[in-house]
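Hey, can you work out the whole structure from these sequences and the hints?
As you go down the protein sequences, you meet chains L and X in turn. Numbered per my numbering, the first sequence spans residues 1 to 178. Numbered per my numbering, the second sequence spans residues 1001 to 1349.
Wrong hints could be hidden among the right ones.
Stated by the list, open to error - With a cut-off of at most 35 angstroms between alpha-carbon atoms, the simulated DSBU-like pairs for lysine-lysine come out as follows:
1) K149(L) - K174(L)
2) K165(L) - K149(L)
3) K1015(X) - K1067(X)
4) K155(L) - K174(L)
5) K21(L) - K1328(X)
6) K50(L) - K1067(X)
7) K1150(X) - K21(L)
8) K1015(X) - K41(L)
9) K29(L) - K6(L)
10) K42(L) - K1067(X)
11) K42(L) - K172(L)
12) K174(L) - K42(L)
13) K41(L) - K6(L)
14) K1015(X) - K1150(X)
15) K42(L) - K1071(X)
16) K50(L) - K1071(X)
17) K1071(X) - K149(L)
18) K21(L) - K50(L)
19) K149(L) - K1067(X)
20) K108(L) - K149(L)
21) K40(L) - K1067(X)
22) K1328(X) - K29(L)
23) K108(L) - K174(L)
24) K97(L) - K108(L)
Simulated from the structure, these hints should not be mistaken for lab results. Just so you know, these numbers come straight off a predicted model, no measurement behind them.
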Amino acid sequence: MEALTKNVMEVDRRPMNFWEKIYLPAILKGMTITFRHMFKKKPTVQYPEKTRYFSPVFRGMHILNRDEEGRERCTACGLCAVACPAEAITMEAAERKPDEAHLYREEKYAARYEINMLRCIFCGLCEEACPKDAIYLSQTVTPADYARKNFIYTKNDLLIPDPVKDPEGFAKAKGIHQ
Amino acid sequence: MMFLLTIDWAFFLEKLILIAIVITLSLVIAMYATYAERKIAAFMQDRIGPNRAGPFGILQPLADGMKLFFKEEIIPNHSNRFLFIMGPALAMLTAMMTCAVIPWGNKVELFGRSIPLQIADINIGILYIFAVVSLGVYGIMIGGWASNNKFSLLAAMRGASQVISYELAMGISLIALLMLTGSLSLKTIVEQQMQAGHFWNIAYQPLGFLIFFICAMAECNRAPFDLPEAENELNMGYHQEYSSMKLGFYLFAEYINMFISSAVIVTLFFGGYDMPFVNETLLTPNMAALVGVIAFFAKIFIFIFIFMWIRWTLPRFRYDQLMNLGWKGLILLALANMLITAAIILYRM
Ligand code: SF4
Ligand code: SF4
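Okay, here's the thing in structure tokens:
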């Protein structure tokens, strides 16, 4: 039969010769290999103390963005929920009251905004769909939890810290790539 | 008559203390052998290994032991309770019993007494070790049988047949050695190797050593001979149904066995407590004993390392390969080795 790729290797099915039958040379060869490995550099990253560098395009936990004045950017248009292939996003819209102009950037805002992190596949399509730059996938890994219900992230979990009141937290949550 | 009835209390005490020390030492060494095993395995696989419990993870064995103590103790209700408990107990007992005849060092002088660092210097030391080690397989067999589980039973059968096939080759390879030494007492064997102008027995019996070493590995149920506990086909084998400290005993017995096997190999083939290039007779007895004990343990640790090194290099033998190697390879080799040794001894006489 013709080989499909060039990487085909014929298996040697000749009976073992004397040196192969007494196993010892092969065993010694194997033992030198394992011995050499003892002195190799270990690729381990000591996790809680050190973290691995994430690439700038890493798609981690979502954040709901604010503008420079600290107002929520999301206008509850629902485009992210439509774009989401995993149907992980739910929201409820509400109308901004006159005295809430310092809280919400647009006249319509998301009163409830939830992402089910167990459904989310971290594809980043919500980020692409958003016309208001309101949702981003940050470089934070979604933490583990014990209960399923804790994986439904609400606005409390998602909203980024206020850049006016907490510029440090804001910068940290935003990550380095934005 | 009065003389016969007086017990030498000092002698009694001295032996008791020695037994306590040796048992504690074997337990501690076995404990840290588990740590060493994990570290060596990790390093050979480009990992770091346990490093969280204490500096460099040296408290890991304690944590493991604690964990086993606190595990729920499960005894399957279709198993024979008595035998089920006896299995691990026997495994541990036989593993510990072998320490009795190993000469750990020369005499020390303490309180005007000359104390040999050996619990019992019996003139059939090797036979005793053989007898006890072959009892060790009962731990596996009884455990496997009492579990009332087909995998455990298969493992027990494998263990038994493996030990029988390899004990034969081991015995024959030893006969060649005994023809050279002319004594079954381990102490005498070590003293012979320590004499000036006499090399360690490995120089006279390299093939015998190789056979003995391979068989010792098989007796310890270490990889590549760990067929009784083959994880992927027998699902942990004979200790599948065990939990808590009974499981711990089985795992622990393996490490003690490894320690004792190394000690026996060193005693028989590598000069026991003989420190190379040092003439012990020039030192004070206590110094000589100290040097001897250190040399002995250094050699043992090297062998434990080699045991582990082999385990993390080689895959497990297939069952037919195991039997072929034992019956068609090692026994014939051992017989040839014995005959050649005998011929040479006869020729030199
Ligand atoms: S990252 Fe993808 S799956 Fe997750 S919420 Fe956004 S669109 Fe949905
Ligand atoms: S996050 Fe963006 S896309 Fe989603 S509802 Fe808000 S504004 Fe629309």
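These are the hints, each one checked on the structure:
Taking the CA atoms of K149(L) and K174(L), the gap is about 26 angstroms. The hint holds against a cut of 35 angstroms. Taking the CA atoms of K165(L) and K149(L), the gap is about 30 angstroms. The hint holds against a cut of 35 angstroms. Restraint check: the Cα-Cα separation between K1015(X) and K1067(X) comes to about 34 angstroms, which is no more than 35 angstroms; the hinted pair holds. Annotation: proposed proximity of K155(L) to K174(L) holds, straight-line Cα distance about 16 angstroms (limit 35 angstroms).
A threshold of 35 angstroms between alpha carbons decides the hint, and for K21(L) with K1328(X) the separation of about 12 angstroms falls inside it, so the pair holds. Taking the CA atoms of K50(L) and K1067(X), the gap is about 28 angstroms. The hint holds against a cut of 35 angstroms. For the given pair, K1150(X) sits about 33 angstroms from K21(L) by alpha-carbon distance, which is consistent with the 35 angstroms threshold. With a C-alpha separation of about 48 angstroms, the suggested pairing of K1015(X) with K41(L) is violated against the 35 angstroms cut-off.
A hinted pair counts as satisfied when its Cα atoms are at most 35 angstroms apart, and K29(L) with K6(L) qualifies at roughly 28 angstroms. A distance of roughly 28 angstroms separates the Cα atoms of K42(L) and K1067(X); the hinted pair therefore holds under the 35 angstroms criterion. Between K42(L) and K172(L), the direct Cα distance comes to roughly 30 angstroms. Compliance with the 35 angstroms bound is thereby established for this hinted pair. Distance check on the hinted pair: K174(L) and K42(L) sit about 32 angstroms apart at the alpha-carbon level, within 35 angstroms; holds.
For a cut-off of 35 angstroms, the pair hint linking K41(L) to K6(L) stands: about 33 angstroms separates their Cα positions. Of the pairs offered as hints, the one joining K1015(X) and K1150(X) is violated, with about 44 angstroms between alpha carbons and a cut-off of 35 angstroms exceeded. A C-alpha spacing of about 33 angstroms is found between K42(L) and K1071(X), which places the hinted pair at or below 35 angstroms, so the restraint holds. About 33 angstroms separates the Cα atoms of K50(L) and K1071(X), which keeps this hinted pair within 35 angstroms; it holds.
Restraint check for K1071(X) and K149(L): the C-alpha separation of about 30 angstroms stays at or below 35 angstroms, so the hint holds. Of the pairs offered as hints, the one joining K21(L) and K50(L) is violated, with about 48 angstroms between alpha carbons and a cut-off of 35 angstroms exceeded. Simply put, K149(L) and K1067(X) have alpha-carbon atoms about 31 angstroms apart, close enough for the 35 angstroms limit, and the pair holds. Pair hint K108(L) plus K149(L) holds up; C-alpha atoms about 28 angstroms apart against a cutoff of 35 angstroms.
Note on K40(L) and K1067(X): the hinted pairing holds, with a Cα-Cα distance of about 32 angstroms set against a maximum of 35 angstroms. At most 35 angstroms may separate the alpha-carbon atoms for a hinted pair to count; K1328(X) and K29(L) meet this at roughly 24 angstroms. For a cut-off of 35 angstroms, the pair hint linking K108(L) to K174(L) stands: about 24 angstroms separates their Cα positions. Note on K97(L) and K108(L): the hinted pairing holds, with a Cα-Cα distance of about 9 angstroms set against a maximum of 35 angstroms.
Against the hints set out earlier in the document, violations occur for numbers 8, 14, 18.
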